[in-house]
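> Now for the letters of each chain:
Number of protein chains: 2
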Amino acid sequence: MIVNGKHFRTIWINPKNKKSVQIIDQRKLPFSFEIETFRNVKEIAFAIKDMHLRGAGLIGAAGAYGMYLAVIEAIKQTDFVKSIQDSANLLKATRPTAVNLSWAVDLMLNKILVDANKNGEDKVEQALFMAEFIANQDAEACRMIGEHGISLIREISQKKNGETVNILTHCNAGWLAFVDFGSATAPIYAAFEEGIDIHIWVDETRPRNQGARLTSWELEQQGIKHTVITDNAGGYLMQKGMVDMVIVGSDRTSKTGDVANKIGTYLKALAAKDNDIPFYVALPSSTIDWKIENGLKEISIEERNPREISHIEGIYNDELVEILITPEKNVGSNYGFDITPARLVTGLITERGICKANQESIFKLFPEYDR
Amino acid sequence: MIVNGKHFRTIWINPKNKKSVQIIDQRKLPFSFEIETFRNVKEIAFAIKDMHLRGAGLIGAAGAYGMYLAVIEAIKQTDFVKSIQDSANLLKATRPTAVNLSWAVDLMLNKILVDANKNGEDKVEQALFMAEFIANQDAEACRMIGEHGISLIREISQKKNGETVNILTHCNAGWLAFVDFGSATAPIYAAFEEGIDIHIWVDETRPRNQGARLTSWELEQQGIKHTVITDNAGGYLMQKGMVDMVIVGSDRTSKTGDVANKIGTYLKALAAKDNDIPFYVALPSSTIDWKIENGLKEISIEERNPREISHIEGIYNDELVEILITPEKNVGSNYGFDITPARLVTGLITERGICKANQESIFKLFPEYDR
Chain A
1 MIVNGKHFRT IWINPKNKKS VQIIDQRKLP FSFEIETFRN VKEIAFAIKD MHLRGAGLIG
61 AAGAYGMYLA VIEAIKQTDF VKSIQDSANL LKATRPTAVN LSWAVDLMLN KILVDANKNG
121 EDKVEQALFM AEFIANQDAE ACRMIGEHGI SLIREISQKK NGETVNILTH CNAGWLAFVD
181 FGSATAPIYA AFEEGIDIHI WVDETRPRNQ GARLTSWELE QQGIKHTVIT DNAGGYLMQK
241 GMVDMVIVGS DRTSKTGDVA NKIGTYLKAL AAKDNDIPFY VALPSSTIDW KIENGLKEIS
301 IEERNPREIS HIEGIYNDEL VEILITPEKN VGSNYGFDIT PARLVTGLIT ERGICKANQE
361 SIFKLFPEYD R
Chain B
1 MIVNGKHFRT IWINPKNKKS VQIIDQRKLP FSFEIETFRN VKEIAFAIKD MHLRGAGLIG
61 AAGAYGMYLA VIEAIKQTDF VKSIQDSANL LKATRPTAVN LSWAVDLMLN KILVDANKNG
121 EDKVEQALFM AEFIANQDAE ACRMIGEHGI SLIREISQKK NGETVNILTH CNAGWLAFVD
181 FGSATAPIYA AFEEGIDIHI WVDETRPRNQ GARLTSWELE QQGIKHTVIT DNAGGYLMQK
241 GMVDMVIVGS DRTSKTGDVA NKIGTYLKAL AAKDNDIPFY VALPSSTIDW KIENGLKEIS
301 IEERNPREIS HIEGIYNDEL VEILITPEKN VGSNYGFDIT PARLVTGLIT ERGICKANQE
361 SIFKLFPEYD R
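In order, the protein sequences belong to chains A and B. So for the first sequence, my numbering puts the first residue at 1; every next one is plus one. So for the second sequence, my numbering puts the first residue at 1; every next one is plus one.
Derived by calculation from the structure, the hints in this document are not laboratory data.
The list treats identical chains as interchangeable, and a pair is accepted whether it falls inside one copy or across any two copies.
Keeping only pairs whose Cα atoms sit at most 20 Å apart, straight-line, the calculated EDC-like set for lysine to aspartate or glutamate is:
#	residue 1	residue 2
1	329	318
2	255	368
3	240	303
4	111	132
5	76	86
6	329	313
7	240	302
8	329	220
9	28	50
10	16	125
Note that the structure is predicted; figures quoted are calculated from it, not measured.
Produce the entire structure from the sequences given, and follow the hints as far as they go.
Listed below in structure tokens is the structure:
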């Protein structure tokens, strides 16, 4: 997508030195835009763990590029296989609950080990090709989500005779969470491109405020009308008819259509249902966990540091600082996600099309998983 | 209630100089506890406007004490009646939407003007008596809400065989919002007093964080177990069976049981309903607007400064500072309240007892308004 008028992805090979990888350092957004360069797998592993980058699709791609850097090192070692396996373990341990990370790292690992008798430079070339393939596949899946999801926005726009379509989103399921386009934002970007009049309600998304910091920055850069609101506000906006549809992303989806997404998503789904507002979840199929039947019972939810609640980052005297917003010792239960049951989801927008949030419809789009 | 081991109300006559009024300056809580003294009506009007004090019941009491200070000044003026009326208008203009403020000021005004031929010191004594009466009535209504509401908590405690009862509350409907005891907190304080094992989930309540700042401070001072959570978290806690009941306050209640309360309340009511968790609203009957049939259509909701969303206060280097948390220009729709429709409310806890949230049950408790 566009940053200061130029096209960017969230991760790419350094054009000046193909043996290094570059990313946008997301910790400083939107206060400053900085590019970071990684020369080895340790640096990229540290960056994933320390959240210089985050988001389902992007973490996967970063794992793949990390394995590419791992190959460059491993061909200089006496035990190539051990070196590669150590790197894979290092990467996978950085965010153990992220589905895409272990998926991408394992894919790279298998490919690299299958052809382990190739010569050194061929191994490097092959790993680069594979990492680029994984990144491109992520971007392409998101682009297709946009192609399919735009029809929903177009339809509302037509019903409203071209009046502004108001879309609410929670957290950042934008291009910053993937390689490009994003999941929840892909239909939004596609609709904007087509000239449909849209306006986005951006939930600030406490405690880490990824809505107020990342989604708002993305939309601003593309020139899309939007308003940052508190997480508390969406219900009232729906009560007053100020929201036409909700689109959110998903961190993990059961094969029955239950959605684990950023904490607070469930509350918006309830409000959408109560006000007859369509509630869509946009997701590349890589976030579907084909083993899971019941999201609430089977998806384990990461509990994060309570410091995210008691402290907050922002600008004071032109400096990015962290302040204490409650002196309470009793701060906690900082669950990262909640579960939106399938019954509250109007539909899933995937790279293969839109389907209802139930097992039958999901398997119709993805028959290869129906056993 | 208790502050640092000593009993306090939120507003009182200065024991060292009966012609001045003192309050707890709530702007600095919980970071520092400071008492402020007012010597005339202008000072008290400024303090209400500038939110040194806030909350339905407390604003009413402050209006009453303000009128007492107004009488002390007015008896020195040539035109007593004009002076008193000017003061009343000054006070009522500070928070035009607050029901209790105009109610208390008008009550004082009528009483003062009816007996306008009394001599100066008698007028002062009478106004003091009346202001104390209004403050005592507020405290007593809240105490009675506690007396009635405790039965609900006791019942859950018995069902759970004495295990901890987990109660979620939103914003600050605590004693800081009234003269004493609070509305939503009154049953909590009563239950704690009786030795029932309770734990309170405190929504931080963006944008002004009255939960994280005021409710948590109140509970800490009384020694009640509690945890501050983000506004996004409550839904998931309910999904996981970690909430036994919800008690919130009300800023304005329709005679049919619709509740206007701090923005975000509606989302918690929906989640409570979806998880079969009792959702109670505690309110002195002074917040019932007997003219209103339909809360969503008829209660106009105050829209506040977007700066409350883009900026936040906290401690940096031992100093209370305000920082910018999103550089967005597009911040807004900062509605102060939302409407929880009566169908989501399990019951209303009033000073006369508990009733269902419908016109028939409300009028059974308050027959004098049934015409």
